[in-house]
Amino acid sequence: MAVDSELKIELGKQGVFVTTIEELYNWGRRSSVWPMQFGLACCAIEMIATTMARYDLARFGAEVFRPSPRQADLMIISGTVTKKMAPQVVRLYNQMAEPRYVIAMGACAISGGPFKQGYNVLKGIDRYIPVDVHIPGCPPRPEALLQAFMTLQKKIDEQPLTGAGRPRHLDAGAQGEFPVPEQGEHDLEPTSNKGVWPLPVVIR
Amino acid sequence: MVSSPYFSLAVLFAGALGFGLAPLGLAWLWAKAFSPAKPNAVKNAIYECGLVSQGDAWIQFHSSYYLYAIIFLIFDVEAVFLLPFAVAFTGLGLAACGAMLVFLLMLVEGLAWAWAKGILTWA
Numbered sequence: 001m002a003v004d005s006e007l008k009i010e011l012g013k014q015g016v017f018v019t020t021i022e023e024l025y026n027w028g029r030r031s032s033v034w035p036m037q038f039g040l041a042c043c044a045i046e047m048i049a050t051t052m053a054r055y056d057l058a059r060f061g062a063e064v065f066r067p068s069p070r071q072a073d074l075m076i077i078s079g080t081v082t083k084k085m086a087p088q089v090v091r092l093y094n095q096m097a098e099p100r101y102v103i104a105m106g107a108c109a110i111s112g113g114p115f116k117q118g119y120n121v122l123k124g125i126d127r128y129i130p131v132d133v134h135i136p137g138c139p140p141r142p143e144a145l146l147q148a149f150m151t152l153q154k155k156i157d158e159q160p161l162t163g164a165g166r167p168r169h170l171d172a173g174a175q176g177e178f179p180v181p182e183q184g185e186h187d188l189e190p191t192s193n194k195g196v197w198p199l200p201v202v203i204r
Numbered sequence: 001m002v003s004s005p006y007f008s009l010a011v012l013f014a015g016a017l018g019f020g021l022a023p024l025g026l027a028w029l030w031a032k033a034f035s036p037a038k039p040n041a042v043k044n045a046i047y048e049c050g051l052v053s054q055g056d057a058w059i060q061f062h063s064s065y066y067l068y069a070i071i072f073l074i075f076d077v078e079a080v081f082l083l084p085f086a087v088a089f090t091g092l093g094l095a096a097c098g099a100m101l102v103f104l105l106m107l108v109e110g111l112a113w114a115w116a117k118g119i120l121t122w123a
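Same order as they appear, the protein sequences are chains R and H. All residue numbers for the first sequence refer to our numbering, where the first residue is 1 and numbers rise by one. All residue numbers for the second sequence refer to our numbering, where the first residue is 1 and numbers rise by one.
Simulated from the structure, these hints should not be mistaken for lab results. Treat the hints with care, as some may be off.
Stated by the list, open to error - Calculated lysine-lysine pairs in the DSS-like style (CA-CA distance at most 27 Å, straight line):
no., chain 1, residue 1, chain 2, residue 2
1, H, K32, H, K43
2, R, K123, R, K84
3, R, K154, R, K8
4, R, K154, H, K32
5, R, K83, R, K194
6, R, K194, H, K43
7, R, K116, R, K84
8, R, K123, R, K155
9, R, K194, H, K38
10, R, K8, R, K155
11, H, K43, R, K84
12, R, K83, R, K123
13, R, K194, R, K155
14, R, K83, H, K43
15, R, K123, R, K194
16, H, K38, R, K154
17, R, K116, R, K194
18, R, K123, H, K43
19, R, K83, R, K116
20, R, K84, R, K194
21, R, K155, H, K43
22, H, K38, R, K155
23, H, K32, R, K155
24, R, K154, R, K13
The whole structure should be built from the sequences, with the hints applied where relevant.
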């Protein structure tokens, strides 16, 4: 921000490195995103493959899959979210430390996928929690997850520390707890979180 | 004071304390300034789990679990003592064997107790 990017490259060639607190802070944040060890369906197999030697998620500083939401920054919704599982997913999200991010992995997590017409599958987890990156695919290849991960890193990198668009933990007014849906008679209640997912306008 | 033979130790102690406390203090300050806490009721629940936490973290175990403790002593801890006893058996005197026998008898008494209580029967 303070230093023009071309000047920075030019200085870099001369062996002078300049940075800002914001860049350094975001570099640290994006280089140690700890995902939560949490798999829902077949996408989880691809997620596991991503962490293994061939795809090696460790290159991005994200190999530390935490079994506790209290130690995790990133929730990878890897698979079908059934209506029975949705409250648990939201509750786990509420228990994660700030700043927290969500990758919705695969057709099911972003829209319900092949089970969209079913009575028991949630039509996208973004109805209840804010999703940062959506990846299509059934299931997405590990490369797609890596791409999503890099997209998230880019997003973290671009977050200013002050003003609009700052990370949620620095924004005292940002919502910390998201309402956990409950099993109603026919569906989850509420059927979506209006603050996160405004009802789409139906044009007839 | 400076002439005291323990002065250098005191300086080293203060240094060691500072070495340990300074990073903790810096981390605390950093967290204060750059990662303000954002608590909520679900996050502060006693267990981190997808399900609603039940009860309290401070639970008391029922005293009847003492039977499991006795059984554990007999079948697990006893083996730890019996193995070196068996290895050194030929070289042991009468007194050592007698002491070991008393130890075994005490454990057998526990076994008899557990047997009498009926916890060895397959329910």
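Taking the hints in turn, this is what the structure says about them:
Distance hint between K32/H and K43/H is fulfilled; the C-alpha atoms sit about 19 Å from each other, no more than 27 Å. As the CA atoms of K123/R and K84/R are separated by approximately 13 Å, the hinted pair is consistent with the 27 Å bound. In summary, the hint linking K154/R to K8/R is supported, as the alpha carbons are separated by about 19 Å, within the 27 Å threshold. Simply put, K154/R and K32/H have alpha-carbon atoms about 26 Å apart, close enough for the 27 Å limit, and the pair holds.
Of the pairs offered as hints, the one joining K83/R and K194/R holds, with about 17 Å between alpha carbons and a cut-off of 27 Å not exceeded. Note on K194/R and K43/H: the hinted pairing holds, with a Cα-Cα distance of about 22 Å set against a maximum of 27 Å. About 15 Å separates the Cα atoms of K116/R and K84/R, which keeps this hinted pair within 27 Å; it holds. For the suggested pair K123/R and K155/R, the alpha carbons sit about 25 Å apart, so the restraint of at most 27 Å is met.
Using a Cα cut-off of 27 Å, the hinted pair K194/R and K38/H holds, with the two alpha carbons roughly 22 Å apart. For the hint linking K8/R to K155/R, the alpha-carbon distance of about 21 Å falls within 27 Å, and the restraint holds. A C-alpha spacing of about 21 Å is found between K43/H and K84/R, which places the hinted pair at or below 27 Å, so the restraint holds. Between K83/R and K123/R, the direct Cα distance comes to roughly 9 Å. Compliance with the 27 Å bound is thereby established for this hinted pair.
Restraint check: the Cα-Cα separation between K194/R and K155/R comes to about 24 Å, which is no more than 27 Å; the hinted pair holds. In summary, the hint linking K83/R to K43/H is supported, as the alpha carbons are separated by about 22 Å, within the 27 Å threshold. Proposed proximity of K123/R and K194/R is supported: the alpha carbons are some 15 Å apart, at most 27 Å. Pair hint K38/H plus K154/R holds up; C-alpha atoms about 24 Å apart against a cutoff of 27 Å.
For the hint pairing K116/R with K194/R, the CA-to-CA distance comes to about 20 Å; that is within 27 Å, so the pair holds. As the CA atoms of K123/R and K43/H are separated by approximately 26 Å, the hinted pair is consistent with the 27 Å bound. A distance of roughly 12 Å separates the Cα atoms of K83/R and K116/R; the hinted pair therefore holds under the 27 Å criterion. The hinted pair formed by K84/R and K194/R meets the criterion: a straight-line CA distance of about 20 Å does not exceed 27 Å.
Under the criterion of a C-alpha separation no larger than 27 Å, the hint pairing K155/R with K43/H is consistent with the structure, at around 25 Å. Taking the CA atoms of K38/H and K155/R, the gap is near 21 Å; set against the 27 Å cutoff, the hint holds. Taking the CA atoms of K32/H and K155/R, the gap is about 24 Å. The hint holds against a cut of 27 Å. Of the supplied pair hints, the one linking K154/R and K13/R holds, its CA atoms being roughly 24 Å apart against a limit of 27 Å.
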